[in-house]
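Q: Got chain A; can you put chain B on it based on the hints?
There are 2 protein chains.
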Amino acid sequence: MLYIIGLGLADEKDISVKGLEIARRAERVYLEAYTAILLVDKEHLESYYGRSIILADREMVESSSDEILADADTKDIAFLVVGDPFSATTHTDLALRCRQNDPPIPTRTLPNASILTAVGATGLSLYNFGQTVSMVFFTDSWKPASFYDRIAENASLGLHTLVLLDIKVKEPDLQAMARGRIVYEAPRFMTVAQCASQMLEVEDERKQGVCGKEALAVGVARLGSEGEKIVAGTVEELAEVDLGKPLHSLVLCGRKMHEMEWEFVREFAVDRGRFDGVWKREYGGRM
Amino acid sequence: MLYIIGLGLADEKDISVKGLEIARRAERVYLEAYTAILLVDKEHLESYYGRSIILADREMVESSSDEILADADTKDIAFLVVGDPFSATTHTDLALRCRQNDPPIPTRTLPNASILTAVGATGLSLYNFGQTVSMVFFTDSWKPASFYDRIAENASLGLHTLVLLDIKVKEPDLQAMARGRIVYEAPRFMTVAQCASQMLEVEDERKQGVCGKEALAVGVARLGSEGEKIVAGTVEELAEVDLGKPLHSLVLCGRKMHEMEWEFVREFAVDRGRFDGVWKREYGGRM
Chain A
1 MLYIIGLGLA
11 DEKDISVKGL
21 EIARRAERVY
31 LEAYTAILLV
41 DKEHLESYYG
51 RSIILADREM
61 VESSSDEILA
71 DADTKDIAFL
81 VVGDPFSATT
91 HTDLALRCRQ
101 NDPPIPTRTL
111 PNASILTAVG
121 ATGLSLYNFG
131 QTVSMVFFTD
141 SWKPASFYDR
151 IAENASLGLH
161 TLVLLDIKVK
171 EPDLQAMARG
181 RIVYEAPRFM
191 TVAQCASQML
201 EVEDERKQGV
211 CGKEALAVGV
221 ARLGSEGEKI
231 VAGTVEELAE
241 VDLGKPLHSL
251 VLCGRKMHEM
261 EWEFVREFAV
271 DRGRFDGVWK
281 REYGGRM
Chain B
1 MLYIIGLGLA
11 DEKDISVKGL
21 EIARRAERVY
31 LEAYTAILLV
41 DKEHLESYYG
51 RSIILADREM
61 VESSSDEILA
71 DADTKDIAFL
81 VVGDPFSATT
91 HTDLALRCRQ
101 NDPPIPTRTL
111 PNASILTAVG
121 ATGLSLYNFG
131 QTVSMVFFTD
141 SWKPASFYDR
151 IAENASLGLH
161 TLVLLDIKVK
171 EPDLQAMARG
181 RIVYEAPRFM
191 TVAQCASQML
201 EVEDERKQGV
211 CGKEALAVGV
221 ARLGSEGEKI
231 VAGTVEELAE
241 VDLGKPLHSL
251 VLCGRKMHEM
261 EWEFVREFAV
271 DRGRFDGVWK
281 REYGGRM
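For the protein sequence lines, the chains are A and B, in the order given.
Take the first sequence: its letters are residues 1 to 287, numbered as in full-length UniProt numbering.
Take the second sequence: its letters are residues 1 to 287, numbered as in full-length UniProt numbering.
One chain only, chain A, in its complex shape (with noise of 0.2 Å):
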């Protein structure tokens, strides 16, 4: 049986008693760890979990799946997802790849909190959310910005939008590659000012109204941790903070927002009197 567990957000102790359970008993452990951080990191799991864990970077989840599926006929492997394991494609993918095997190998998956939920904790009502987008970061010569149409999509039916950032993990040094050698780059975690600004940046060539200076937005950071932060402002006063260590995330607020979502959200403000201001003016209802 192939378990592919949710850790959840924050730290060890995230874990659900099922899924600590299964960890401890299975024959391997391993820790996918390209599309999410946990706080803590893979010593520490294995101090708690008090089992080695084999860390499952993007090319064995996606070339060598063989290698973690070995036995799982058989034998109990367990898959460890930081968030929620639904939250990221592989995760499908890898479940798909079990289904199809000859014979099929029976799998069961362990949901946990996820970053769509927690985000909850805003004072923003999920009920508002629209479809879910994810930002990369941006370089001089590629600025993908399909992001904005999904969130002038969900703009245009009053939605918030839930940006979740880009991560870089274990991506090779090109320069290094072109020389023949093999070079990680140090893990970059896109920011919630970095994600603010780049939104400014689209806008800026868009001018559809989406995510200007004056679009009310939530950033968060780890969120379910004990350490949580949540900011809310205009996108061009979160361009400005800093919302210290990863992951962070960004809401875009929709028009929609219900008096009592803003009530919640208003405690957050970097500058309340704004805040107040542009809601009064723009949303709660308005289209």
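Calculated directly from the structure, the hints in this document are not laboratory data.
One or more of the hints may lead you astray.
Since the list can't tell identical chains apart, any single copy or any two copies may satisfy a pair.
To be verified - 30 Å max Cα-Cα, derived BS3-like pairs, lysine-lysine:
{"#": "1", "residue 1": "K75", "residue 2": "K18"}
{"#": "2", "residue 1": "K13", "residue 2": "K170"}
{"#": "3", "residue 1": "K42", "residue 2": "K229"}
{"#": "4", "residue 1": "K75", "residue 2": "K13"}
{"#": "5", "residue 1": "K229", "residue 2": "K13"}
A: Positioned in the frame of chain A, the structure of chain B alone reads:
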């Protein structure tokens, strides 16, 4: 400190290790018991957590929250919530009341699995969901159809809609009440079949082609538990399925449904030939 602790979806062992530690040492432990249910009862939780647990019904949470919050400024109170704490508005209310107390009562929320993300077990991508809607039991004289407008909005963008189904727990019997007696009706949980039937009923009136007989949908039951069940088909087919014990939910598929999603979902089809036929004709990116 008020700890609002998500219990996850299935049983007593879906609580996080951290949540269990807090529940075991808290001064009082409440269980919110009216927006969702686990597959095990209160006594089961009490025996595993080694604590007596106070059932908190809607009346207590909405009208007598002072009772729950008593001493929370100096003692630890645990408020257990099925699924994720932010899945229901009620719990945001409770957190807001703590914050507005004088002096404010510190709160901490422990997120957990939610139906909003566990629904990824269907193979449908969480990125392709629009706003979530609720459907209530229709009566002869009351058939609230606002869900239809929300589904239509999502459909206009080709997005899936998660439909959360009504549960009635501790509802007063109105006839008995008229005779001056307080009697509660037996608990009721909407099934996938009832949801699909109500969709067809409203589609019949509104005729916008949003959730008619040939629309594709996926019914789920007891997600995240060992006995979870997933069935895909047309809304007409789902109106006839029996998925067994609660809780049920339904996803109405959006036209953008990707080939990778289809490949996964079709394995759950009541009638794979019919499912594939409708998908090829009407879905897969066609809008």
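Q: Work down the list of hints and note, for each, if the structure agrees.
A: Taking the hints in turn, this is what the structure says about them:
With identical chains, the CA atoms of K75 and K18 are at most 30 Å apart both within one copy (17 Å) and between copies (28 Å). When the C-alpha separation of K13 and K170 is checked against a cutoff of 30 Å, the pair qualifies only within one copy, where the shortest distance is 26 Å, while the shortest distance between copies is 35 Å. In the homo-oligomer, the alpha carbons of K42 and K229 lie at most 30 Å apart inside one protomer (24 Å), although the nearest pairing across protomers, at 34 Å, exceeds that limit. In this homomeric assembly, K75 and K13 come within 30 Å of each other (Cα to Cα) both inside a single copy, at 25 Å, and across copies, at 22 Å.
Taking identical chains as interchangeable, the C-alpha atoms of K229 and K13 lie at most 30 Å apart whether they share a chain (20 Å) or sit on different chains (29 Å).
Taken one by one, the earlier hints all hold for this structure without exception.
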